[in-house]
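Just so you know, the protein sequences line up as chains A and B, in that order.
Just so it is clear: in the first sequence, position 58 is 58 by our numbering, and no numbers are missing.
Each number in our numbering corresponds to the 1-based position in the second sequence with 202 added.
Honestly, the hints are just simulated from the structure, not real lab data.
Bear in mind the structure is a predicted one, so any value in this text is a computation, not a measurement.
Careful: at least some of the hints might be erroneous.
[Claimed, not checked] No farther apart than 25 Å at their CA atoms in a straight line, the calculated lysine to any residue pairs in the SDA-like style are these: (1) Lys181(A) to Met236(B); (2) Lys171(A) to Ala303(B); (3) Lys364(B) to Arg169(A); (4) Lys237(B) to Val174(A); (5) Lys569(B) to Phe635(B).
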Amino acid sequence: MTLPLFFFYVFSIIAVASALMVIAARNPVHSVLFLILTFVNGAGLFMLSGAEFLALILIVVYVGAVMVLFLFVTMMLDVDFASLRTGMLQYAPIGVVIGLILLAELLLVGGSFVLTPQLTASAVVPITEGVDNTRALGQLLYTRYVFLFMGAAAVLLVAMIGAIVLTLRHKTGVKRQDVFKQSNRKRSDAVEVVKVKSGQGL
Amino acid sequence: MISDISSFASLAPAYPELMLAIGAVVLLLLGVFMKKGSAGAIASLAVILLVIVVGGMVFSDTTGVIFNGGFINDAFARYMKLLVVGASAFTLILSFSSAKAHALDKFEYSVLVLLATLGMMLMVSANDLMSLYIGLELQSLALYVVAAMKRDSAQATEAGLKYFVLGALSSGMLLYGASLVYGFTGHTQLDLILTAVVEGERSIGLIFGMVFLLVGIAFKISAVPFHMWTPDVYEGAPTPVTAFFAAAPKVAAMALLLRVVSVSFHGIISDWQQIVIFLSIASMVLAAFAAIGQNNLKRLLAYSSIGHVGFALVGLSSGTQGGVEGVAIYMAIYVTMTVGIFAAVLSLKTESGYVETISELAGLSKKRPFVAAIMAVLMFSLIGLPPLAGFFAKWHVFLAAIEQNLFILAVIGVLASAVSAFYYLRIVKVMYFDEPVAEFAAVPRELTLVLAISGFLVVTYFVTVGSPLAAAARVAAGSLF
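Excised from the complex, chain A in its bound form:
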């Protein structure tokens, strides 16, 4: 057994096992941590197949940013996961049956799936030797796939507008900082100099 094959099995087994633990763990925080483990192993698999950019982006974006955010949210929300889980056993048999049917169908499909030997040669965009992953992706994203890139940008814009529209509430009665107002304030607006004669008061 070659070393890459060995690592392939190590990464895959841990990935599948921790994916199972994501839904099996009692504590939601543990679930999130197992999800991180799944992603790290996925990154390992990417690395093995030579996609180092995807591997690192998976770690940086998903593990570093998204999952940490997830972890915060899970810790902050007081959700009673035990009660959410009560119906699970009831539906488990149906779930298992559906899962088995899907598995059988996938095996039927996968059984006939053979990668042609000239796969890399017949790719839409052939891989050029000596160009590293990141550069190759960049060269394609901004030229051949610029349409999809811009389309994805529009999707993100919609997501941003949506998040703001659905959650931003302008509270009234809250004191806010107004820099323009602050810097326009003159001495005369705030301070009044009064000559007070001694013994008379104001």
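Mind docking chain B on chain A? Use the hints.
Positioned in the frame of chain A, the structure of chain B alone reads:
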């Protein structure tokens, strides 16, 4: 490195989309920097922008494939895009008078509608599984937000959430199908998939992928059995949003379905034909019976739209150019009728708010004879009675089915349409023969105009728009085959 975009002029087939995208962003900025209460102005500007886009599409007919096969503008895309943009413009106009009551008086609403329209245009013009998905997501994401925009209403939030969850599920299925199709044919470009399908023997994997693709799209056109979300979302979302949902996205998703099955899977007609026939029969029959028990007007219209998708699919199940032509005509007439019906629904306001149940329509003919008359005409047209437009819509699709010897499908369709006559006629009966209970507020001017246009087109279809529309649909369908 490898791109066919060498100058700005080479973007010509995508000028309408560019115009809409830039316009939407400009309106977004305007809305952010203008004072509060500018929502009405932004909405009017959005309608003007859509009209300009329509003008651009009518006067410039640059067709072609750009972005390395990702984007296509042909006669079919132009026809469908005109329908989509027209439907969006009219449904925006419908929201003018009732925006405040439905908590849609925010400038983001118009901007999101514009971006959703952009997504629909990309869907219609998609020539690649990837651009298809991007267009679909752009459209869906904007629609989820718009559905939940009335955020203080539990119903609207539920509608948005339900739509989001089921929409995400359908996107997942579509992506799964797309990945299988890519895996078994080696192409994501629709016309190249065709060559791979024709050359090689069809494998189970390809069929599997195609079925998942169809399931994903069937969710979007809400064909039975993937229709569960429709009544709830239509009922929960604010009425102007429901009007938008019922018109433009249906056309875009139907156009997508037509293009995918008649371009990519033309070689394996018998494999998708049975699926489309099943979807069609199930939609027609279920909608006809389920709508009978509905008391809420919006739920009833949701089932009605499910039924009409079923009728449109009758045309597609023939798998011929005539069938696609029939569906194209059907969608145009469906949009006209839907916009009219929702204009009528939105123009009816009593002291207790906007009319939502059928019983509230009692005696409408005495209080608001114009609205009642147009609504009755539209109901007769939805049933498919000659000489109204709805009859010709059904005639075209059934003719295409009969030419392919799909007699059973046609018979079931006609029977379902007879059953559906019951609930459409019930509305007419309530409007004309029940005693009036409530007073209705005055009808806003722009709604009267929309009602008049819709009623005019539906009544005079045969003598006015009928033949030019059929000719345009023939050219559109011809560009797919």
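*Numbered hints the structure breaks, given as an ascending list*: none
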